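Number of protein chains: 2
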Amino acid sequence: MKLNAVHSLGVVTPQRMQFDAPFACASGAQLPGFELVYETYGTLNADKSNAILVCHALSGHHHVAGLSSEDPKSAGWWDTMVGPGKPVDTNKFFVIGVNNLGGCHGSTGPGSHNPASGQPYGSSFPVVTVDDWVASQALLADRLGIRQFAAVMGGSLGGMQAMQWAINFPERVRHVLAIATAPSLTTENIAFNDVARNAILTDPDFHGGDFYQHGVVPTRGLRLARMLGHITYLSDDAMAGKFGRGLRSGDYQYGYGIEFEVESYLRYQGDKFAAYFDANTYLLMTKALDYFDPARLAGGSLRRAFAPVSADFLVVSFSSDWRFSPQRSRQIVQALLHNGRNVSYSEITSTHGHDSFLMENPHYFDVVRSYLNNVAAEGARP
Amino acid sequence: MKLNAVHSLGVVTPQRMQFDAPFACASGAQLPGFELVYETYGTLNADKSNAILVCHALSGHHHVAGLSSEDPKSAGWWDTMVGPGKPVDTNKFFVIGVNNLGGCHGSTGPGSHNPASGQPYGSSFPVVTVDDWVASQALLADRLGIRQFAAVMGGSLGGMQAMQWAINFPERVRHVLAIATAPSLTTENIAFNDVARNAILTDPDFHGGDFYQHGVVPTRGLRLARMLGHITYLSDDAMAGKFGRGLRSGDYQYGYGIEFEVESYLRYQGDKFAAYFDANTYLLMTKALDYFDPARLAGGSLRRAFAPVSADFLVVSFSSDWRFSPQRSRQIVQALLHNGRNVSYSEITSTHGHDSFLMENPHYFDVVRSYLNNVAAEGARP
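Residue numbers (our numbering), protein chains in the order written: chain X, 1 to 382; chain G, 1001 to 1382.
Any given hint might turn out to be false.
Restraint ranges, calculated between C-beta atoms of paired labels, are given here [claimed, not checked]: (1) X:A29 to G:H1214: 38 to 46 Å; (2) G:A1240 to X:Q119: 51 to 59 Å; (3) G:Q1253 to X:E35: 22 to 30 Å; (4) X:G299 to G:T1349: 30 to 38 Å; (5) G:H1214 to X:Q213: 23 to 31 Å; (6) G:S1124 to X:Q213: 36 to 44 Å; (7) X:Q119 to G:R1330: 57 to 65 Å; (8) G:Q1253 to X:A307: 47 to 55 Å; (9) X:E35 to G:D1210: 47 to 55 Å; (10) G:A1240 to X:T349: 22 to 30 Å.
Since the hints were made in silico from the structure, they are not lab data. Everything numeric in this text was worked out from a predicted model, so none of it was measured. Idealized CB from N, CA, C, for every residue including glycine.
Produce the complete structure using the sequences and hints provided.
See the structure below:
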């Protein structure tokens, strides 16, 4: 039985929520107000205790599951995971997907209209952080009347938000599912992000972030950033298995066009991404990744950073993920255990690298399913 | 005792050799002739049997050891390895460093004058291969009267040339030292090279390779290529140990300038490199890396590719080298052993990643030293 064939949410229509009060960012900058676009799946129960917030990663968005009303051919990015009878079962839970502040899928971001200038925000949009996202998501939860989430979950940068929720709002989160994530980026990860950002920043079409007014898009930079990103989301073995040293035309061409199959794949991914993703959003997402480091404000101690946490945790890592390695997940587990928290940990064997968290894998899906089977939809903590 | 303090070669003057006959490249292209710039260290013995050829890697050149007469502050890139009393002992051996054809340090390359057009070669310079380099180095050896090398050695792309020598000219090589190298690039390595090349190819200042006539240099692309390269030459642990999450100014700046120490390092390396290295040379060097795959013309069998080899081998790998991993070196060793060759293999524990082959390490240097101690300076094979 193919997992993604189990039932379907059908067509889902995104919703919008407007926040008119000024929003103070961690950076000290202030937004005059903002909008969030979100989708929901399933039904909120009477005491509003069955909500699960799904946080997205670098290039994700609010369209987590089902088919989008804006493009009925487009299934959500975690459609295999979220739906009726799926590991995150929408027959039991009310699931929310939200496009992060600063995003480029409908929430207020660098491409949005800046009421102060009458132009797109562009370079004037503040660098937002995981803290800012959690704060803005909490405002959305307030408006939906959700005092406490049954769970907050996410992979990669999404897992960072889930952890930050448990630190900043311990009373509002019963469970955290932190998948393929880390307590902070490694030096190497920051370095890769810096190269990707530099590709965008030095693209002549970037215009210091104000390319919208110039009628151009820094396609070259975005394309390079995505190509590089893709290499690091996969594993060496996965790439070797998928493409090997295969040649498109069977023989060496002695030129600089596409020759190896892997080049064809990367350029296709780069072109596709550059055609729709916003360059400023890419910059700020990578910066939020770089900045996430809860131990930093706790004297360098992750244990101390997790001291306020009261949620139970499921931590999941993948054996071939070299960007968010199992070792980093174990650090999360150890720091939580030190604080006496209930932690389940699973290291999934997978050859798909960091991308594993987005892919169907029976063991992985069983782990999430069984964890959530034991999460009460009712029974909010007092 | 610091190894690089042992004696010194003093100031070394590069020499030039002109080849007037047309040179047929593996690609089918032909050069009307070419020049190679090279340096030598030590003294060629009477029967010309004590010569060692050092092949360089992607960004290397002929200035292997000693101080350059062109810049007396500049020690050669392998000065710790090559010199009187050093592991490659110039009291015993006559060592040759040569800038590869297509390079940008004096040998004929894309920036050289094309007699056919009266302009720099630029885009008309052929894509050269490891085979072409070995063929051109053999012509240099002919002119120097060297019928057989005591050893051909190199790290990374240099090690690929050394292996190709043993395949193409079995009778001209008694020993090969193949260090931090591989029988071919992995898919992931090709992918990284493709991103680097795309950074250069899409730089508006590249002008299809003919930027010389436009009075510009594709600095942005070269800089990105080098930044990316640097990440892959180091190990995750080495970067973490050297820079950690250290901030230049002690606090987050919430902007896109240099913040983390590792960003400062990468940009400095990128800027330095882009100021002197030729973009076309970078492209062709990475292509030569991608193409190297001796098994390809032997039905996919490295064993069969090594069948002609008669040289003895020293193969060295480094534990933290994830770009040319010990596993790939072991494949070389196995294929040579299958052919009944004498092979020494050493896997050196080092945290410095691929860059380890350029760095002083007592165990590594002892391995090279003792191997070469047992290489006769005289006694060429018949």
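Range first: 38 to 46 Å. Now tell me if the beta carbons of X:A29 and G:H1214 are that far apart. 41 Å, holds
Lying within 23 to 31 Å: is that true of the beta-carbon distance G:H1214 to X:Q213? 28 Å, holds
Should the hint that X:Q119 and G:R1330 are 57 to 65 Å apart at their CB atoms be regarded as holding? 59 Å, holds
Check the following: the C-beta atoms of X:G299 and G:T1349 are separated by a distance inside 30 to 38 Å. 33 Å, holds
Starting from the range 47 to 55 Å, see whether the pair G:Q1253 and X:A307 falls in it by beta-carbon distance. 28 Å, violated
Could one say that the CB atoms of G:S1124 and X:Q213 fall in the range 36 to 44 Å? 40 Å, holds
Looking only at beta-carbon atoms, does the pair G:Q1253, X:E35 fall within the given range of 22 to 30 Å? At roughly 27 Å between Cβ atoms, X:E35 and G:Q1253 fall inside 22 to 30 Å, so the hint holds.
Indicate whether the distance between the beta carbons of G:A1240 and X:T349 respects the range 22 to 30 Å. 25 Å, holds
When you take the CB atoms of X:E35 and G:D1210, is the distance between them in 47 to 55 Å? 49 Å, holds
Taking the CB of G:A1240 and the CB of X:Q119, does the distance hold inside 51 to 59 Å? Since G:A1240 and X:Q119 have Cβ atoms about 41 Å apart, the given range 51 to 59 Å is violated.
Hints 2, 8 from the earlier list are contradicted by this structure; the remaining hints agree with it.
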